[in-house]
Amino acid sequence: MRVGVPRALSFYRFHPTWAAFFDRLGIEIVVSPPTNRATLEAGLPYAVAETCLPMKLFYGHVRALVGQVDQLLVPSIRRLAPGSSNCARLIGLPDLLRATMSDLPPLIAPDIDLSQGLPALMTLVLEVGAPFSRNPLTLRDAVLAAWDAYRAARQAMMEGRLTPAGFDRPPGELPPAPADGLPVAVVGHPYNLYDPFINHQLLARLARLGVNALTPERLGPQPADDYWAFEYELVGAARLALERGVRGLIAVVAFGCGPDAILLDEVQRLSREAGVPLMTLVLDEHSGEAGLVTRLEAFVDMLNWRGAR
Amino acid sequence: MKVAFPPLGIISLAAECYLGALGIEAVVPPATSRRTLDIGIQGSPEMVCIPCKLLFGNYVEAAERGATDIVMLGGPGTCRLGYSAAQQARRLREWGFAVRTHTLDLYHSHRDLLRLTRALAGERPVHELVEPIRFLLGLLSLTDALETTVLVARARERERGAVDRAYAAALERVAALRDRQELKEQRDEILGLVRAVELDPDRPVLRVGLVGDAYTILTPFLNHNLEVRLGRMGVEVYRWFHYTGRISLPLPDRLRRDRGGRARRAGERYLKRDVGGFARSTVGEAALMAQGEVDGLIHVAPFNCTPEMVAQSALVALQRERGVPVLNLSFDEQTGAAGVVTRLEAFVDMLWAARRRGR
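In order, the protein sequences belong to chains Z and G.
Per our numbering, residue 653 is the first one in the first sequence, and the count goes up by one each step.
Per our numbering, residue 644 is the first one in the second sequence, and the count goes up by one each step.
With the rest of the complex left out, here is chain Z (with noise of 0.2 Å):
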């Protein structure tokens, strides 16, 4: 038994939880390729022509691993808390697949309400888990270790041992951010942030830099309290890396993003507050290396000279 899992979207949040709940299931992992271009081109056939780069991706994610695997994962994570919410695309995202292609393997597509606590979530493991194994027993075990393995994550990432791009890579391959560089504060939701082909490479770019990136999962733990769920990746992270003392901003958001339209806004607010110079890159397929190099360069070396003075 085989299950694919998309390298787009919530594979860079949860990926650890997942790979740690179906390996003690016994069960293998695929995980899609990293993004290139032909990623980008097999998506793009199936999405609304309007919607945003991410999804398009995840779209092409999709489509490396129709005929490779036996089930695929597609969660549709509706709510981590009572009173938020969540964009439209991610929680109709096994719809979403389902109306568009027809040729997929089944889904293993739980719908994620963390608001109903602690029955509902696990009446939801037994039901994912249920096709794999019978014994309750198991599944304890499988959800404990989903568990842990997402907190272990989460301490290695505040540490700065681990970062989502490394979640199915073996730990230590990653070259440590440059602690003693410029602190800037890179904000953005992690598939926007650790996908170099979204990027352009912005995170590597900006270590030559000469940057120390602060992205959202080195700065604190994530409160499940706002009204979008993943609001804390943009706002969030912006006030922590304030309180902090960053020199600048960095906002990456996907263009035609329906929460982080407003919460752009918000971040805004808070760097004219703070008088802290803040960049928005917005990405779709379109937008150019050569702009995205000229426009970091300069901003880094406003940066700089602001230091100087």
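What the hints contain is simulated information worked out from the structure, not anything from laboratory work.
Ideal Cβ positions, reconstructed from N, Cα and C, are used throughout, including at glycine.
Some hints here could point you the wrong way.
To be verified - Here's a subset of chain Z near chain G, in silico, CB distances under 10 Å, partners left out:
1. Cys739
2. Ile743
3. Leu748
4. Arg750
5. Gln920
What the hints assert, rightly or not - On the chain G side, residues computed to face chain Z include the following (Cβ under 10 Å):
6. Glu689
7. Val691
8. Ser727
9. Ala729
10. Trp738
11. Val742
12. Asp917
13. Ala944
14. Phe946
15. Asn947
16. Pro950
17. Glu951
18. Ala954
19. Ala957
20. Leu961
Given chain Z, work out where chain G should sit, using these hints.
Just chain G now, kept in the frame of chain Z:
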């Protein structure tokens, strides 16, 4: 205290009567226009959808006319509207408008109306509030009946513009209503104004279902007067959104026998989850209409409306399975009328061709 509702279809008209019954002065903001848009663009984040921008413009124009209290349409429903209401309230204060803001949750309006009425009317016994609410519901039922008639009648009018003239006269009569008694007495007469327009029963017409985002449907400025244009092309328009449909009893879907409930069940095959906005209603109504009610479907959305983009994908599956033609139109501040007209004409031509082939 002067209260304003945004000019979204007939709600601001009905709201004026309802506020009058509560003894509250109403401010009717001007219809959404180019100026509304310009204000909205100035006061909104760049990437936000156009309904959010237009609504902000509506609020400012209401405040300029002396509104002290503004009713925002929103509520937590996964759509940006739910969240942007709070941001817009703050921006209104930053712009120096000392207004109180209230929200009417469009997703749960059956529950929310009483809460809103309480907030507007202050300390009053509940029975005094119930009467104005019943009046409002009666008004909406009347205006919905008027609209339904007009949307179909335009296709057959003998004299161009006759239906719209009768409609305007009927709305004037609605605006003059004071209470539920008057509404009861005059309801048939007002409906009669529109139903009396001379129609051509022999003219061949097309039937098109209009689905998609409610804000886009209700704002002629944004959709380039889509409904009137279609009517004058000889197309009967069946629009999914009517206010009364939003105010149903809070029953579980399985038990609902009304159209909303049937739509929910019909759409499940294409979109199982509630992704917010009006996506599930869009897909459900489209699935119902595709069962032989219409010749084709027009799906409208603001550019990059997140829930409606999900709906659009689901409609692809519907189109594939049921063979019903779907035209997707998305609107933003750059949309020109000419492009819309060309596409509508082509779509209508294609539907006629399909009918001649005896699809």
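Against which earlier hints does the structure fall short, listed by number upward? When the structure is compared with the hints, numbers 10 and 11 turn out to be violated.
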